[in-house]
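There are 2 protein chains.
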Amino acid sequence: MEWTTEKRYKKYSEWTAEELLDLQAQATKSDYQLSYHVRPQSGLLNDPNGFSYFNGEYNLFYQAFPFGAAHGLKSWFHLTSKDLVHWKNMGLAVKPDTKFDSHGAYSGSAHVIGDELFLMYTGNHRDENWERHTYQIGAKMDKNYNITKLEKPMIEKPDHVTEHFRDPQLIKFNDMYYAIIGAQDAKTKTGKISLFRSKDLKKWQDLGYVDFSNDEMGYMIECPNLVFVDEIPVLIFCPQGLDKNITNYQNIYPNMYMLGEQMRFNKAKFITNQEKPLNLDDGFDVYATQAFNAPNGKAYAISWVGLPDISYPTDAENWANCMSQVKELHVKEGVLYQQPVPAMASLRKNGTPLRVEKTLDTHQTLMQDASQNYELKLDIEANQEGELYFAANNNLSAGIKISFSTKDDAYLTVNRSQAGIAFDQEHGETRTIKLDANQRLSIDLFVDHSLAEMFINNGKNTMTFRYFAPKENTKLAIASDGELNFTGTHWIMEK
Amino acid sequence: MEWTTEKRYKKYSEWTAEELLDLQAQATKSDYQLSYHVRPQSGLLNDPNGFSYFNGEYNLFYQAFPFGAAHGLKSWFHLTSKDLVHWKNMGLAVKPDTKFDSHGAYSGSAHVIGDELFLMYTGNHRDENWERHTYQIGAKMDKNYNITKLEKPMIEKPDHVTEHFRDPQLIKFNDMYYAIIGAQDAKTKTGKISLFRSKDLKKWQDLGYVDFSNDEMGYMIECPNLVFVDEIPVLIFCPQGLDKNITNYQNIYPNMYMLGEQMRFNKAKFITNQEKPLNLDDGFDVYATQAFNAPNGKAYAISWVGLPDISYPTDAENWANCMSQVKELHVKEGVLYQQPVPAMASLRKNGTPLRVEKTLDTHQTLMQDASQNYELKLDIEANQEGELYFAANNNLSAGIKISFSTKDDAYLTVNRSQAGIAFDQEHGETRTIKLDANQRLSIDLFVDHSLAEMFINNGKNTMTFRYFAPKENTKLAIASDGELNFTGTHWIMEK
Chain V
1 MEWTTEKRYK KYSEWTAEEL LDLQAQATKS DYQLSYHVRP QSGLLNDPNG
51 FSYFNGEYNL FYQAFPFGAA HGLKSWFHLT SKDLVHWKNM GLAVKPDTKF
101 DSHGAYSGSA HVIGDELFLM YTGNHRDENW ERHTYQIGAK MDKNYNITKL
151 EKPMIEKPDH VTEHFRDPQL IKFNDMYYAI IGAQDAKTKT GKISLFRSKD
201 LKKWQDLGYV DFSNDEMGYM IECPNLVFVD EIPVLIFCPQ GLDKNITNYQ
251 NIYPNMYMLG EQMRFNKAKF ITNQEKPLNL DDGFDVYATQ AFNAPNGKAY
301 AISWVGLPDI SYPTDAENWA NCMSQVKELH VKEGVLYQQP VPAMASLRKN
351 GTPLRVEKTL DTHQTLMQDA SQNYELKLDI EANQEGELYF AANNNLSAGI
401 KISFSTKDDA YLTVNRSQAG IAFDQEHGET RTIKLDANQR LSIDLFVDHS
451 LAEMFINNGK NTMTFRYFAP KENTKLAIAS DGELNFTGTH WIMEK
Chain P
1 MEWTTEKRYK KYSEWTAEEL LDLQAQATKS DYQLSYHVRP QSGLLNDPNG
51 FSYFNGEYNL FYQAFPFGAA HGLKSWFHLT SKDLVHWKNM GLAVKPDTKF
101 DSHGAYSGSA HVIGDELFLM YTGNHRDENW ERHTYQIGAK MDKNYNITKL
151 EKPMIEKPDH VTEHFRDPQL IKFNDMYYAI IGAQDAKTKT GKISLFRSKD
201 LKKWQDLGYV DFSNDEMGYM IECPNLVFVD EIPVLIFCPQ GLDKNITNYQ
251 NIYPNMYMLG EQMRFNKAKF ITNQEKPLNL DDGFDVYATQ AFNAPNGKAY
301 AISWVGLPDI SYPTDAENWA NCMSQVKELH VKEGVLYQQP VPAMASLRKN
351 GTPLRVEKTL DTHQTLMQDA SQNYELKLDI EANQEGELYF AANNNLSAGI
401 KISFSTKDDA YLTVNRSQAG IAFDQEHGET RTIKLDANQR LSIDLFVDHS
451 LAEMFINNGK NTMTFRYFAP KENTKLAIAS DGELNFTGTH WIMEK
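Just so you know, the sequences run in chain order V and P.
Reminder that position 454 of the first sequence reads as 454 in full-length UniProt numbering, one-by-one numbering, no gaps.
Reminder that position 424 of the second sequence reads as 424 in full-length UniProt numbering, one-by-one numbering, no gaps.
Here chain V stands alone, though its shape is the one from the complex (with noise of 0.2 Å):
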């Protein structure tokens, strides 16, 4: 089917139920669908949207287009959780129902004001000449999620940035409201932050762009996102074109991040000894990762897995992407480490400690069936080298290939070219982390039928990552040429 842009912007009202009804049995339906992370219920799904903590539950919201695996006319779905594990769909809840969101309702934050939850998001909408306008919208939804859209824009487009100004996070600070936006300055068509401030939320002052790297930050940066981890300023975004000269990624854009020495927000300034910003992920497929300080004190971040541009072979099923796991932040020795939510441990089922062997012949099964869901701890001792195998074949032939050293040159790479369904080979097959020379590794591995998501020494890196491998290749196994010592556990994943 070809998306037209007559078919992407479509509204909800004409498209048909039974369409809806058929799509969403096709998404459930598929080999490639997940069980234990957030997926959409038809069509695609990106952005995170509205991540918070409201009304005793976690919310989170994201960027749907229920009717296909395009990006066609946006909305956000609603989702709440008192884990962050065990999601429960609360349906449609911004719908692009007015003039200023008319062909789509994009991204944007929530924050808790009173009794309701506020969410801040971009409004897009085409004029006859079909000229994208951009407006940051306000709404408020109330404890029985009903939501009620204040009625005219919040801030208007400043003249130095393009129409390429979208993805307010909404933040309080000492009593006064900030937004934080993803810009595209006028002028030299560069990526920026803008920073504006309010006291009551109507009248908006420009502060102009965020000051926190000398560098281009590419031709435009979405999603940015300031959270505090640990009380230490962290600045996550997407610059679109970054110079790899910059920073190095292999995927079609970035998702990074800076840790900062202090937010000066009236001064429009991150103050950061970090002189590029970093990788988030070391995997194929994050972006637009949004955190948000939960009032537990924690850091909480998710991430689309899924990148603008790029196809997936879900396509053909018609629906797409799924969101990563919940990952706690934290700031350690000067690098953001993300781990599981300790509700994780709640899925897992009959714990299996794997065997070890001193010497390996050619390889050694860990799992013949290892399942299509599950979660591998694995400890590998320092000065050793192998690979490990999963969702593999018999002869390992095909699967996802783990190379890894723990010796003096030390390094992981994710090798998924032999996976499946080759998918975004233009961008490369392979991935790898530099690790540290002669220590131990520790590799935390969760399998969700088409998702891997790989905490490397306790979320020093993340390594996140689709495939699409026959369904019956659920092999785990490692080899290596020598020596190999580890310890390991496999659990089932269940919800």
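Check the hints yourself; a few may be wrong.
When chains are identical, the list treats them as one kind, so a pair holds in a single copy or across two.
[Unchecked claim] Think about it this way: if two alpha-carbon atoms lie no more than 16 Å apart in a straight line, the pair counts; the simulated EDC-like pairs of lysine to aspartate or glutamate are: (1) LYS267 / ASP211; (2) LYS495 / ASP83; (3) LYS377 / GLU387; (4) LYS189 / ASP243; (5) LYS276 / GLU261; (6) LYS332 / ASP230; (7) LYS332 / ASP97.
Don't read these hints as lab results, they were simulated from the structure.
From a predicted model like this one, the values you see are computed outputs, not experimental measurements.
Use these hints to put chain P onto chain V, whose structure you have.
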């Protein structure tokens, strides 16, 4: 909203996706929505259909009208489960899309044949004069859940029954197929169960009515269901309009059963020593129970918790009804026992032993906030009497009241008159069962927001009912005039 005939039979393709999304969100957000029982994604749910084990999973379908709390144009929705507790929504399965089921894909059963699940169900068609025509239709579901309907109806309605001829159950016995079908005799207008035989599912022979009682079985029998429980044939059915002098019942329509000695298929004779049918459930809202023999040798049943021609408070929220939990069937001392399946225990969290006090003042609070989703097991000694309250407010003026005596004149009464929103008062607000005198009483109560299921004395009786209490009414208490000895445990139930 008034449910005109036109609206109820509007084609699925004429409802918009936006309407459906709104209905799905409305159903999800309801305060009365269930958390660990099968519930409609939107609109109305009624009879369980096609309960079976296929492709390594339990399969269940239900009658659905997805567009509101009305008996409109029906389809089959599909669910699968590994453990009979955690169900995965597979979406719309059998659509009303041929001339034989244009006005409803009505109830039926499923039977594994080769590597397909064969579905047999009733197609409802209304002609230009709005006259009802009934067809018994076959369809095959493959392992990818694709459904192909047979081109022609399998069984023509014989002249000796009226158009009230529906709900076929397909059974295989000694290499022959049999279909038992609910019917109304054309001449006497009384309820009957028709029996048909076929070697090849193509040519069917009318064996007449099943002989199972000398009494008149009301004016129509719906949902006849033959299942073998501990090798004993059990006939479950809904004799609409049954004379209460035969077997007393209080619900608008009863769901009853008879234990047999033998089912002589070829003689259309259900040999039984049981004189009168018995109520399958002693609560308020069970109907259309469907049971089947699983490959593990067990017999499992599931019930619609809802009744035809009764309005429920959630009708105002555009959704209605739910499924009971799955019940494992056994026959002991001439009585059908219904018990929770073992996997229900996997939902238990935070078991709390309940305190015993010898002498109660006015009442004893067992838990001030018992939550809205829990299991409560109580074991009460012989020669006691008292009341159990749940979904109660602080002074117990509102709530469900269970009065009981384990003395000479032992009984248990459920009173839902003070529970919350009143409904179906016409058929009484209490239900009482007699208990054996001077015996211990065990109660296993499952509460899920607006549904209660009580298994009494290990499932010798079940009492299932809906109630619609204010959500802050979560007190659990016990009262007695004198001494009361019991032990108990409370578990939060979480999926």
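Next item on the list: Compare the structure with the hints numbered earlier in the document and write down the numbers of the violated ones, lowest to highest.
Entry: 7
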